[in-house]
Each structure stands twice: as structure tokens, then as C-alpha cells.
Amino acid sequence: MSSKRKEKDSKKPKDKSLKKPYHIKRADLDLDDYQLQQEQKSFSLLFSRGVQALVRSRQFYAYLVLQAVAAWFRLGQVFLCVGFLWMMYANTRKFRNEGEKSSWSVFNEGFEAIEGSTDMEAVEREIRSRGLI
Numbered sequence: 001m002s003s004k005r006k007e008k009d010s011k012k013p014k015d016k017s018l019k020k021p022y023h024i025k026r027a028d029l030d031l032d033d034y035q036l037q038q039e040q041k042s043f044s045l046l047f048s049r050g051v052q053a054l055v056r057s058r059q060f061y062a063y064l065v066l067q068a069v070a071a072w073f074r075l076g077q078v079f080l081c082v083g084f085l086w087m088m089y090a091n092t093r094k095f096r097n098e099g100e101k102s103s104w105s106v107f108n109e110g111f112e113a114i115e116g117s118t119d120m121e122a123v124e125r126e127i128r129s130r131g132l133i
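Everything in the sequence shown is counted per UniProt numbering, starting at 1 for the first residue and increasing by one.
Everything labelled a hint here was simulated from the structure, so no lab data went into it. Beta carbons are placed, not taken as given, at the ideal position from N, Cα and C, and that holds for glycine. One or more of the hints may lead you astray.
[To be verified] Listed next, with one range per pair, are the computed distances between beta-carbon atoms:
id: 1; residue 1: 101; residue 2: 32; range: 39 to 49 Å
id: 2; residue 1: 58; residue 2: 31; range: 38 to 48 Å
id: 3; residue 1: 82; residue 2: 55; range: 15 to 25 Å
id: 4; residue 1: 127; residue 2: 50; range: 26 to 36 Å
Using the sequences provided together with the hints, build the complete structure.
Structure representation (C-alpha cells):
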């Protein structure tokens, strides 16, 4: 039966003017930019950029020297913790534009929350409206 079906299908004339619903021509694609974007996201490229940034960083060399001095005085672990705190401070501080709110309401003027954040009053109102309390 399957051989008869194949014969019927092969006898039907195929209309080449009909295109698939999502037909995309190769010329319409911008593959060079896509490939460049994918290459820029590769782990090896990102890793090599990170290593190059460390090699060019004066802060990193200063940290290594100070870490060696701290290790000489047997304070290496303490200085390592201080170094981690410094890295967190140096890499997360960002100056906000005028009028821009922080996502942490305690840093905003008057402890004002950003739009869409949940505050305890809203949670309490919702719980009370459902009759859970």
C-alpha cells in the first residue's frame, strides 16, 4: 500500500510557484552580522577579553603586591576578604542620573519604592481581601 501511495505522490505535478508559508531567501538573511554576534558571545573570546583586562589593570597588580605583603605578615586570608569586599564595591557602584530611583527603596529619598515593587501594605491588603487573616 505504501508503494501505491508513493506512486500517486510522484505523479502529482508540483507547483513551483507555491512557496512555503515561512519561506526565507538566503539573500534576505544578514548572516555575516549574525555570525559576528555569535562569535562575540563565545566563552573563549569573553575569557580572553577578561584576561587582557586583568593584565592591563594597575589595580590588579597593586592587589597582587599587597596580597603578597599581607601573606608575608600572615594576614593573607584577611586581605583576601578585604579584596573581595573592594571588588564588590568597585564593580557595583554606579552613579545614578538625576531623578533616577534605586531598586532598593532604602536608598531613595523618603524611602520611595519604584513602580511595580511589592510593599508590605499591599501584601497585607491582598491577604485581608482574600480572608486568609
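Hint check:
1. Distance hint for residue 101 and residue 32: a CB-CB separation of about 41 Å, consistent with the stated range 39 to 49 Å.
2. A beta carbon spacing of about 41 Å between residue 58 and residue 31 agrees with the range 38 to 48 Å that was offered as a hint.
3. Under the hint 15 to 25 Å, the C-beta atoms of residue 82 and residue 55, about 23 Å apart, fit the expected range.
4. Between residue 127 and residue 50 the beta carbon distance is about 46 Å. The supplied range of 26 to 36 Å is therefore violated.
Violated hint for the displayed structure: number 4, the only one.
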